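J.: Heads up: the sequence lines are chains A and B, in that order.
With our numbering applied, the first sequence covers 304 to 581.
With our numbering applied, the second sequence covers 288 to 558.
To be clear, the hints were calculated from the coordinates, so they are not data collected in a lab.
All values reported here derive from a predicted model rather than from experimental measurement.
The beta-carbon is built from N, C-alpha and C at its ideal position, and this holds for glycine as well.
Treat each hint with caution, since some may be false.
Partial list, computed: chain B residues near chain A (C-beta under 8 Å) [unchecked claim]: (1) 316; (2) 411; (3) 530; (4) 539; (5) 541.
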Amino acid sequence: MRSGPLAGLPFLAFIGLFLVYPTAVVVWRSATPDGALGTAALERAISTTYRSSFINSVQLSLASAVIGALVGLLLALAIYGLERPRWLRPALEAWSAVASQLGGVPLAFAFVAAIGTQGIATKLLTEIGFNPIDHGLGVSGFWGLVTVYLYFQIPLMFLVVMPAVAGLRQTWREASRILGAGPVRYWRSIGLPILLPSFIGGVLLLFVNAFSAYATAYVLSPSTQIVPLQIRFLLQGNVITGEEDLAYALVTWTIVLLLATVVIMSLFNRRAALWSRG
Amino acid sequence: MKRGDVLRWVLIVTVTLYFAVPMLAMARFAFQVVPVALLTPDRIFEGWSVSGLVDALGEPAFHEAAKTSLLLAVFAGILNLSLLLPLAIAIELRAQHLKGLLTTITLLPWVIPPIALVVGVAATFRSIAPWFLASPYSLVPFYALWAMPFTYRALDAGLRSINAKTLYEAGRSLGASSRTILWRVLMPNLGASLIAASVLTGALVLGEYAFASLLLKNTLPTYLEVYQGGEPRAGMALALAVMLLTALMLWIVVRIMRRRGLDVSAAAGAV
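Assemble the whole structure, with the sequences as input and the hints as a guide.
T.: Set out below in structure tokens:
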């Protein structure tokens, strides 16, 4: 194919026009509020209310990432050791591929129906004497959002970590047993060190996934102080000059944070690929 | 049963319940013609009816939004493939050392999520090309972009599994031109991957909300959000229908990928 290098041109032009150019403009404007180089907007974007949005976003993303990753990993381990029923693993993998993409508006409605104030599960729990809303577990609170996010976080983690779990060879366990190691020693010296890079890579991916989630949080509680909802507020609320710079600065910080996370993630993933089996 | 097995099953059953309960709750909200406050466990068999869904599907505004979303999905799928496919083939055959670079580029949509990119789009195109943002189809390039991490994985896995490079070299040594090999050997073999990538793009487009909402476009998700506010039961039914449709599309992708012996985790898009 003589056209080899040419095949890349439309692609690069496309990425340049629709991804790099708008992003570069935003980053540039956030660093030049009122037309001159300056850090005023960038500093404002991480002070007072906006600082707490970042803190809330990081806490929400971290909580849903760590819990999602732990449950996803445990699920993968539970499934891997199970020989019967044989359909269970392919079924769960298929469901995970589906559910990891089921975010957005319909998912938010599903959880309103389940754990909202009039939700089915809420009523069931109230009848047995535990009203979750009274205990701060409403669907629009912090733990409510974590609960909803887990619906796509757990399956995503399961997909990401399953190849690593499947990479734990049965022969290693047998070899370590023959050499006199108990299960604890096996997990401490072999199992966990092998799984750790995948696990951390998975946590970081889930973090990025939760940090940029928008629709679910917007539908469930539009007034939550998290970064994506703040960006929306600044962009749509009022068009006072200066507030736009603030939105640009929030975006710049978001990109910096996500970029750092993705770079670290790919380092861990490279390490994880050593022993993985698809 | 051993203690380990008990723990295993407790975990599997708990997680299954967690996944099933919101769907079942949604089904009750959507298909039981009972005031929401009375949806208690003892009334589980009362008043089931599909009237909510029928109402929702009959709305002319729904047809409008669904048509927009459908066309967006088709256009985004075509754009996505016409940009990625030639590149993926060229890199697989000619420049494998560039693979890492391409993987890195397709990771970019994770770094710049829709809610961040939409700010840049409003800041740039709104002033230099207002006519562009006026049309709902201005979403097409951004949806194509957003789907790339997922579709590239499906295409790359497909190319590797058919040993594209070997096929190409065999074809050349038998005297076929590059064009013949492309159209008569590679494309027919890639059919499944192409379908998987397109359906995956479609499923993503049907669910995208941030871009459409901030650019004030009337797509299925934005319509759904507004409609449910006014018609709770019918809105819930429509949401459930959209969710099932998305799930069905993704399940088709999984089936196609599996039949070809490919890894289903392409749907995760990032590893």
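J.: For each hint, tell me whether it holds in the structure or not.
T.: Evaluation of the provided hints:
Because the closest C-beta pair between residue 316 of chain B and chain A is about 4 Å apart, less than 8 Å, the hint holds. Annotation: residue 411 of chain B was flagged as interfacial toward chain A, and the flag holds, the nearest CB pair being 5 Å apart, inside 8 Å. Interface restraint check: residue 530 of chain B against chain A, minimum CB-CB distance 4 Å, threshold 8 Å, status holds. At its closest, the beta carbon of residue 539 of chain B sits 10 Å from a beta carbon of chain A; the interface hint therefore is violated under the 8 Å criterion.
For residue 541 of chain B, the interface hint holds, the least distance from its beta-carbon to any beta-carbon of chain A being 5 Å, beneath 8 Å.
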